[in-house]
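Visitor: Put chain B on the given structure of chain A with help from the hints.
Chains A and B, in that order, are what the protein sequence lines are.
Just so we're aligned: the first sequence equals residues 11 to 407 in the working numbering.
Just so we're aligned: the second sequence equals residues 11 to 407 in the working numbering.
Please note that the accuracy of each hint is not assured.
Stated by the list, open to error - Listed below are the simulated SDA-like cross-link pairs for lysine to any residue, each with C-alpha atoms no more than 20 angstroms apart in a straight line:
| no. | chain 1 | residue 1 | chain 2 | residue 2 |
| --- | --- | --- | --- | --- |
| 1 | A | K211 | A | Q181 |
| 2 | B | K294 | A | A85 |
| 3 | B | K294 | A | S284 |
What the hints assert, rightly or not - Derived coverage of chain A by chain B (criterion: at least 3 residues anywhere in the stretch with Cβ under 8 angstroms from a Cβ of chain B; other residues may be distant):
| no. | segment |
| --- | --- |
| 4 | 37-51 |
| 5 | 214-227 |
| 6 | 333-341 |
Unchecked claim - Partial selection, computed: residues in chain B whose CB lies under 10 angstroms from chain A:
| no. | residue |
| --- | --- |
| 7 | N81 |
| 8 | N258 |
| 9 | L261 |
| 10 | G264 |
| 11 | H378 |
By construction, these hints were calculated from the structure, which means they are not laboratory data.
Predicted, not measured: the structure shown is a model, and the values here were computed from it.
Ideal Cβ placement from N, Cα and C applies to all residues, glycine included.
Protein chains: 2
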Amino acid sequence: MNDLLLRNVRPFGEAASDLLIRDGRIAGIGHFEPDAGMAVEDGGGAIAIPGLIDAHTHLDKTTWGMPWHENNRRAVLRERIDYERENRSAIGIDPHRQSMRHAIGLAAHGTTHIRSHVDIDPVHGLSIVDGVMETREKLKGIIDIEIVAFPQSGVMVMPGTLELLDAALAQGCEVLGGIDPCGIDRDPKGQLDAIFSLAVKHQCPIDIHLHEAGDLGAFTMELIFERIRANGMQGKVAISHAFALGMNDYLRVGQLVDEIAALDVAILTTGAPSATVPSVMRLKQAGVRVGAGCDGIRDTWGPWGQPDMIDRAKVIGMKNGLRSDRELEHMLHIVSQGGADVMRIDGYGLAEGCHADLTLLSGETLAHAVVDVDPRPLVIKAGRVTARGGVAMVEMP
Amino acid sequence: MNDLLLRNVRPFGEAASDLLIRDGRIAGIGHFEPDAGMAVEDGGGAIAIPGLIDAHTHLDKTTWGMPWHENNRRAVLRERIDYERENRSAIGIDPHRQSMRHAIGLAAHGTTHIRSHVDIDPVHGLSIVDGVMETREKLKGIIDIEIVAFPQSGVMVMPGTLELLDAALAQGCEVLGGIDPCGIDRDPKGQLDAIFSLAVKHQCPIDIHLHEAGDLGAFTMELIFERIRANGMQGKVAISHAFALGMNDYLRVGQLVDEIAALDVAILTTGAPSATVPSVMRLKQAGVRVGAGCDGIRDTWGPWGQPDMIDRAKVIGMKNGLRSDRELEHMLHIVSQGGADVMRIDGYGLAEGCHADLTLLSGETLAHAVVDVDPRPLVIKAGRVTARGGVAMVEMP
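For reference, chain A alone in the conformation it holds in the complex (with noise of 0.2 angstroms):
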């Protein structure tokens, strides 16, 4: 029984009330005594929010857990793909267990939904999807897992992955996935139309990675728009990292920021540090849907990141350079709600009916919230404590 009395949190920052939580769900927001044998927790009135979302991840990477990884090689895109596919093996980077550690650290830390792009080649097959297949079905209950059938090493470059993006959507990949179609695939018009062509066939959505920068990531997402209406996908297409929208051209941008709304498409970032950026304040104002994730943490492309939203949100909001309470408010917001609307994640939010999932956050306001340091003091999923004090109920493999 998911039943719950959590006493004592204050909603969005709002005046302190308890959460009534009857199978998984919140029941009620208000006053309550406990039925008996009730389980009840006492918040402390600490900030209660939905559960955080890592809406762009990459669970099968990370080398957390294990001996550091030096790494004094060339910073080339290309360059660092070929080693992880060719490497990854060898230095030990299960995708299981890796997987694991990684969801388990992001539960630790109050997120309760990943949308995570899952590496497929013809090196590997669908191997490491079936690892991660297996960390969503053991973390059942502590988080939800969304797998992107991800073609990391390109697709019309390496002949045979387009039949394991096929192959994976047909075993539970809810998302298909696709990586610069210039810079990687050196095939934007092949590698686009096959990708349109894949999702049509499964009817799911498309999330791509674009890193491609300034008007070549902007010729890029002109081929992706044009293939959202050819094919009538409007409010199913992610673009992530979208380096394009960071470039240092006001007018330029504003277009494409004009079609990505008018065809609902959906922006994930990740703040790069030394990339261009999307404007988050912008996307805002032309009410894009915008999530966020932590991307790669510690793996064999760089040493830099933690499994931890609130950290994340720091990165994004310092890069965007976001200072006053409602800017921070707004970058809460997207690594949760906006994760949420990225995903289109049914019955999430803090309103009677929706699932007991949610995070407490250390803090005095909201925005208080995102620059606090301290761990967060409790993580429900779907009305069971899964973390206490940034330790997650679930042991690290």
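Guide: Just chain B now, kept in the frame of chain A:
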């Protein structure tokens, strides 16, 4: 007696050894037995480096430990400055108490030396400097504090400020500050002539805030170079922020960097995530002295920041796109030896004869230590333990 045997540490990540400390200095590195009654600490095999250096901060501004300061004001530099000057007392930002909190926070996280700019303006006279000087006295033996007499509100636009700066230098501020001679003072020749003349009078170094970006900041830098040459102040001037060096003009930046190297100007960076910042690797190649700082933390200007130079190393490293182990090692160099080079700290280092100011780091390697999130296991100042596991031995007011 500041004698201590620090056993089993790895200096700069090398093989484990003991550090023998006598009279607050490193007397030997090797394997030792303690004298009778000598204090002994077990380093547990942790990495040891010299104490971290926050070479650009504002001890007098933080609201750390105070109720959350809501901020929905406009993000305009001049307005931030005026708001702070007119409201800091009413808000309750007591310069002594707050500088204590800020400095003790830094010490808790491994910092042993601070260069702090401290506001001087006609409204407050030298009262803010007095508060920070009181902190400097109280924290002797815990952390060294160097004070920059800082005309936060401007020099030419704030009559009376120059005389106050003169008095502050006479009373024990070691460095003369300056700020945006164009952007804030609207009179670059006026401010720079006044500042350089005062520095010559007091035979003190200059550390000037330069937020001015692009061609404006480049112009101001040229005016600074001219005055360094005219006054023979090579090696005596630091430029903080230096956002102009982040402009997107490779050749123009190269000319500026060449001059900076030729005149031995030091650069202090905070890695401001939403600004154009100097490339630390480019400055390294040019042989420029580079230090770093946390800048203001959680003040009326903005909510970001922590009193932790490892956290700041992350911010700067991510902003600079650093990923390799060698680059991360250099990042660690900047927040330690780099700051010492800028501040010309005597006897800094881990060699025999150096002051026993050091911090242990969690992490397997130096690169790992930059991204690790655990607190510093042990911090030592002049041979005495000043912090353990992120908690300072001195009480926070």
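Visitor: Hint by hint, note whether the structure agrees.
Guide: Hint check:
1. A threshold of 20 angstroms between alpha carbons decides the hint, and for A:K211 with A:Q181 the separation of about 14 angstroms falls inside it, so the pair holds.
2. Distance hint between B:K294 and A:A85 is fulfilled; the C-alpha atoms sit about 18 angstroms from each other, no more than 20 angstroms.
3. Between B:K294 and A:S284 the alpha-carbon distance is near 18 angstroms, which keeps this suggested pair within the 20 angstroms criterion.
4. For the segment 37-51 of chain A, the assignment as covered by chain B is violated, since 0 residues bring a beta-carbon within under 8 angstroms of that chain's beta-carbons and 3 are needed.
5. Restraint check on the segment 214-227 of chain A versus chain B: 0 residues with Cβ-Cβ distances below 8 angstroms, three needed, restraint violated.
6. For the segment 333-341 of chain A, the stated coverage by chain B is satisfied: 5 residues place a CB nearer than 8 angstroms to a CB of that chain, which reaches the threshold of 3.
7. Checking B:N81 against chain A by beta carbon gives a least distance of about 6 angstroms; that is within 10 angstroms, so the hint holds.
8. The restraint placing B:N258 at the interface with chain A holds, with a minimum CB-CB distance near 8 angstroms, inside the 10 angstroms limit.
9. Residue-level restraint check for B:L261 is violated (minimum Cβ-Cβ distance to chain A is 18 angstroms; threshold 10 angstroms).
10. The beta carbon of B:G264 comes no nearer than 20 angstroms to any beta carbon in chain A, farther than 10 angstroms, and the hint placing it at the interface is violated.
11. The beta carbon of B:H378 is positioned within 10 angstroms of a beta carbon in chain A (closest approach about 4 angstroms), and the interface hint is therefore held.
Figure legend: structure checked against the earlier numbered hints; hints not met, in rising order: 4, 5, 9, 10.
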